[in-house]
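J.: This is what each chain is made of:
Number of protein chains: 6
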Amino acid sequence: MSTQRPPQDPESHPRVKAVFDDMRAIRQTDFVNSFWRTLAFDPDLLERTWTEVKQVMAMPSLLDPVTKEMIFIAVSVANACTFCVHSHTAAAKAKGMTDAQYAELLSIIAVAGKTNQLATALQVPVDAVFNADTAAPR
Amino acid sequence: MSTQRPPQDPESHPRVKAVFDDMRAIRQTDFVNSFWRTLAFDPDLLERTWTEVKQVMAMPSLLDPVTKEMIFIAVSVANACTFCVHSHTAAAKAKGMTDAQYAELLSIIAVAGKTNQLATALQVPVDAVFNADTAAPR
Amino acid sequence: MSTQRPPQDPESHPRVKAVFDDMRAIRQTDFVNSFWRTLAFDPDLLERTWTEVKQVMAMPSLLDPVTKEMIFIAVSVANACTFCVHSHTAAAKAKGMTDAQYAELLSIIAVAGKTNQLATALQVPVDAVFNADTAAPR
Amino acid sequence: MSTQRPPQDPESHPRVKAVFDDMRAIRQTDFVNSFWRTLAFDPDLLERTWTEVKQVMAMPSLLDPVTKEMIFIAVSVANACTFCVHSHTAAAKAKGMTDAQYAELLSIIAVAGKTNQLATALQVPVDAVFNADTAAPR
Amino acid sequence: MSTQRPPQDPESHPRVKAVFDDMRAIRQTDFVNSFWRTLAFDPDLLERTWTEVKQVMAMPSLLDPVTKEMIFIAVSVANACTFCVHSHTAAAKAKGMTDAQYAELLSIIAVAGKTNQLATALQVPVDAVFNADTAAPR
Amino acid sequence: MSTQRPPQDPESHPRVKAVFDDMRAIRQTDFVNSFWRTLAFDPDLLERTWTEVKQVMAMPSLLDPVTKEMIFIAVSVANACTFCVHSHTAAAKAKGMTDAQYAELLSIIAVAGKTNQLATALQVPVDAVFNADTAAPR
Numbered sequence: 001m002s003t004q005r006p007p008q009d010p011e012s013h014p015r016v017k018a019v020f021d022d023m024r025a026i027r028q029t030d031f032v033n034s035f036w037r038t039l040a041f042d043p044d045l046l047e048r049t050w051t052e053v054k055q056v057m058a059m060p061s062l063l064d065p066v067t068k069e070m071i072f073i074a075v076s077v078a079n080a081c082t083f084c085v086h087s088h089t090a091a092a093k094a095k096g097m098t099d100a101q102y103a104e105l106l107s108i109i110a111v112a113g114k115t116n117q118l119a120t121a122l123q124v125p126v127d128a129v130f131n132a133d134t135a136a137p138r
Numbered sequence: 001m002s003t004q005r006p007p008q009d010p011e012s013h014p015r016v017k018a019v020f021d022d023m024r025a026i027r028q029t030d031f032v033n034s035f036w037r038t039l040a041f042d043p044d045l046l047e048r049t050w051t052e053v054k055q056v057m058a059m060p061s062l063l064d065p066v067t068k069e070m071i072f073i074a075v076s077v078a079n080a081c082t083f084c085v086h087s088h089t090a091a092a093k094a095k096g097m098t099d100a101q102y103a104e105l106l107s108i109i110a111v112a113g114k115t116n117q118l119a120t121a122l123q124v125p126v127d128a129v130f131n132a133d134t135a136a137p138r
Numbered sequence: 001m002s003t004q005r006p007p008q009d010p011e012s013h014p015r016v017k018a019v020f021d022d023m024r025a026i027r028q029t030d031f032v033n034s035f036w037r038t039l040a041f042d043p044d045l046l047e048r049t050w051t052e053v054k055q056v057m058a059m060p061s062l063l064d065p066v067t068k069e070m071i072f073i074a075v076s077v078a079n080a081c082t083f084c085v086h087s088h089t090a091a092a093k094a095k096g097m098t099d100a101q102y103a104e105l106l107s108i109i110a111v112a113g114k115t116n117q118l119a120t121a122l123q124v125p126v127d128a129v130f131n132a133d134t135a136a137p138r
Numbered sequence: 001m002s003t004q005r006p007p008q009d010p011e012s013h014p015r016v017k018a019v020f021d022d023m024r025a026i027r028q029t030d031f032v033n034s035f036w037r038t039l040a041f042d043p044d045l046l047e048r049t050w051t052e053v054k055q056v057m058a059m060p061s062l063l064d065p066v067t068k069e070m071i072f073i074a075v076s077v078a079n080a081c082t083f084c085v086h087s088h089t090a091a092a093k094a095k096g097m098t099d100a101q102y103a104e105l106l107s108i109i110a111v112a113g114k115t116n117q118l119a120t121a122l123q124v125p126v127d128a129v130f131n132a133d134t135a136a137p138r
Numbered sequence: 001m002s003t004q005r006p007p008q009d010p011e012s013h014p015r016v017k018a019v020f021d022d023m024r025a026i027r028q029t030d031f032v033n034s035f036w037r038t039l040a041f042d043p044d045l046l047e048r049t050w051t052e053v054k055q056v057m058a059m060p061s062l063l064d065p066v067t068k069e070m071i072f073i074a075v076s077v078a079n080a081c082t083f084c085v086h087s088h089t090a091a092a093k094a095k096g097m098t099d100a101q102y103a104e105l106l107s108i109i110a111v112a113g114k115t116n117q118l119a120t121a122l123q124v125p126v127d128a129v130f131n132a133d134t135a136a137p138r
Numbered sequence: 001m002s003t004q005r006p007p008q009d010p011e012s013h014p015r016v017k018a019v020f021d022d023m024r025a026i027r028q029t030d031f032v033n034s035f036w037r038t039l040a041f042d043p044d045l046l047e048r049t050w051t052e053v054k055q056v057m058a059m060p061s062l063l064d065p066v067t068k069e070m071i072f073i074a075v076s077v078a079n080a081c082t083f084c085v086h087s088h089t090a091a092a093k094a095k096g097m098t099d100a101q102y103a104e105l106l107s108i109i110a111v112a113g114k115t116n117q118l119a120t121a122l123q124v125p126v127d128a129v130f131n132a133d134t135a136a137p138r
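Residue numbers (our numbering), protein chains in the order written: chain S, 1 to 138; chain L, 1 to 138; chain U, 1 to 138; chain C, 1 to 138; chain H, 1 to 138; chain A, 1 to 138.
In short, the hints are calculated from the structure, not lab data. Just so you know, not all the hints are guaranteed correct.
One copy or two, it doesn't matter: identical chains are merged, so the pair holds either way.
Said to hold, decoys possible - Derived lysine to any residue pairs resembling SDA-like cross-links, with alpha carbons at most 25 Å apart:
{"#": "1", "residue 1": "Lys95", "residue 2": "Val56"}
{"#": "2", "residue 1": "Lys54", "residue 2": "Val129"}
{"#": "3", "residue 1": "Lys54", "residue 2": "Lys95"}
{"#": "4", "residue 1": "Lys95", "residue 2": "Asp64"}
{"#": "5", "residue 1": "Lys95", "residue 2": "Arg15"}
{"#": "6", "residue 1": "Lys17", "residue 2": "Asp133"}
{"#": "7", "residue 1": "Lys95", "residue 2": "Pro6"}
{"#": "8", "residue 1": "Lys54", "residue 2": "Thr98"}
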């Protein structure tokens, strides 16, 4: 059940086909998930979104692929995005995240979630030492 | 301005002093930030919170210290915790996060925040291939 | 599956029946969705909630009905409310939102979600020019 | 106080200067706010972010400028982004949002926030009629 | 700094004056906080909001006043509402919440925040036993 | 469907068995829910999480068990944690929360969610009287 019907034959649209072909080449699989199939109702939005996801998540960069997926999972959990948590946890595992690394990721997300709530509850003032303009930070 | 007055002389309480001493030794600085100084109003809560933060964030583990701080920042941003974003961005930089790594972290947080909203708006059903019970995941 | 059993025969309660009748008349359909059927376990809470939803969303006002639904969707997406995203996207479409308008709504929600995260990560100070007390704003 | 020091002389970097010049031309003001000045620490991230914000928010489109800003405000409020709420409320007012329209926007955000919580608390199942694949929606 | 200028002389408007008088009588203080003073820019929105806050929070009910404030604080912390966290923590203390009760409240908010993240990360399916329609719940 | 396969025979691990046995004794039921069964993939994370949940939620304390569950529900709703909302609403009912108390809890969560959004939208400055360092609070 979704809020938008995916197009019946998305790849009949040349820009959608180009995006799906690029995705298949980069991810080395024929599978295109429901997010992209549904987003194809608007080829322009699909194309712009894929261009950005590809640039940030699929291109070689300073951070390794597993680290990038772990950061993505952390945001998706805090934002309670069911689909994203599923798809990016699967992606992290496919890229090599072990059970032990996943347990450590969960521990960090958990302690961050916890201390986020405590600091927000206490409304602690930000120490001047954290100011990037002046600080020898800690 | 905070919601709870920090104790005037927190280290007169032996359990608070023990926590602050441990923190100073591990972080190799005399500075104790406002979060811990305020939390000291309840020595038990302070002690339990520090024990967990220390265990997850300060002990050697599978993930390197900068990666751990980047994950912590990602959660704190999504939870809009002002103090935590400040303190953990400063911590990540103190542990060696470069401007280029920080820019990449921001790019991942941004694209995750964006696609989280899109997937939640579309209410895309989770593909069966993402199911950890059965999947050869992607 | 829900956390509260909906009453078996909600309209046997006169205040529930009055709310459902009003809803049917205003929405010009016999259908009453699961949210209202479940909320009927407490006729007072049902009545107060419907009164407010009706006043804000169903009465003629400055903003047109599709715009109002789009704003409602935007909040519901950011709050990750599955039921609300579904029911209000369907409502917006029933009131005339086109696929092209929906794609634009998604684009705005996406870029807002993205820049929200960036601004929160950077903890950018609010420029004085934005202060409503003094500003010729930009 | 921010987490990242803005560059001292951002416009000495040609790509930053190009973005700021484009922004000034489109917004018809010399003022560049702190968000963009801070993001300039990474010219690539600045450029990509501005390109998207410009495309979605500043180019003529189906939705009028005030409606677009109201949707942006709605997301920013739900995500608790202080800077974004300030800057986009000021922008909406600069583009013509009246006090009466703003009061209606607040009423919609408020009732959405409220019913979001109620529906999430009740975990109401989504009615089949809302399914975009099959529905004559309500 | 706020997004909306509070009216200069709010009580010159009879409906605003009536709300403020009612608030002063119920709260037994002359002080009217900035939230209400700012909301007075729209007397109708002010009146409707106060009516609801008064009905839920200030009238005698099943739950005692401190418990009600603690629940309000819990929601406000999770929603990262700075003003609300401040005003309702102060209110809870004024109504008798002790430091020990506050520490316990913080502990519950913290463990909930933590396990919320874990359960969302794991995407654990909801056990049938929790279904209110059928359950002998646990 | 979950992101992590629960171990096939979790209680073959002695630390998992010890946690499950402790849980059964304290909760006086043989049932162990899916959250704990899945978390058992990492016995250390399971043990630490249970120790904290037990300490905060299951041990006698200043707040009564139903109040504690109501606060837990409030946080879980605001964080949109489906599993947590289900499990803790069921727990609250099992511990004696009546329909009338639940309706009042929902009313408080709803009005908090609503005024959270209003205060965040208005970016109301925090009144000095709320400062815990100086205040005779209201």
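J.: The structure should be examined with respect to each hint, and the outcome stated for every one.
T.: Right, here's what the structure says about each hint:
1. Lys95 to Val56: Intra 16 Å, inter 24 Å, cutoff 25 Å: intra and inter.
2. Lys54 to Val129: Classified as between: cross-chain Cα gap 21 Å, same-chain 37 Å, threshold 25 Å.
3. Lys54 to Lys95: within (15 Å within a copy, 29 Å between copies)
4. Lys95 to Asp64: both (10 Å within a copy, 18 Å between copies)
5. Lys95 to Arg15: neither (28 Å within a copy, 30 Å between copies)
6. Lys17 to Asp133: Cα proximity of lysine 17 and aspartate 133: across copies only (22 Å, versus 48 Å in one copy).
7. Lys95 to Pro6: between (28 Å within a copy, 21 Å between copies)
8. Lys54 to Thr98: both (24 Å within a copy, 23 Å between copies)
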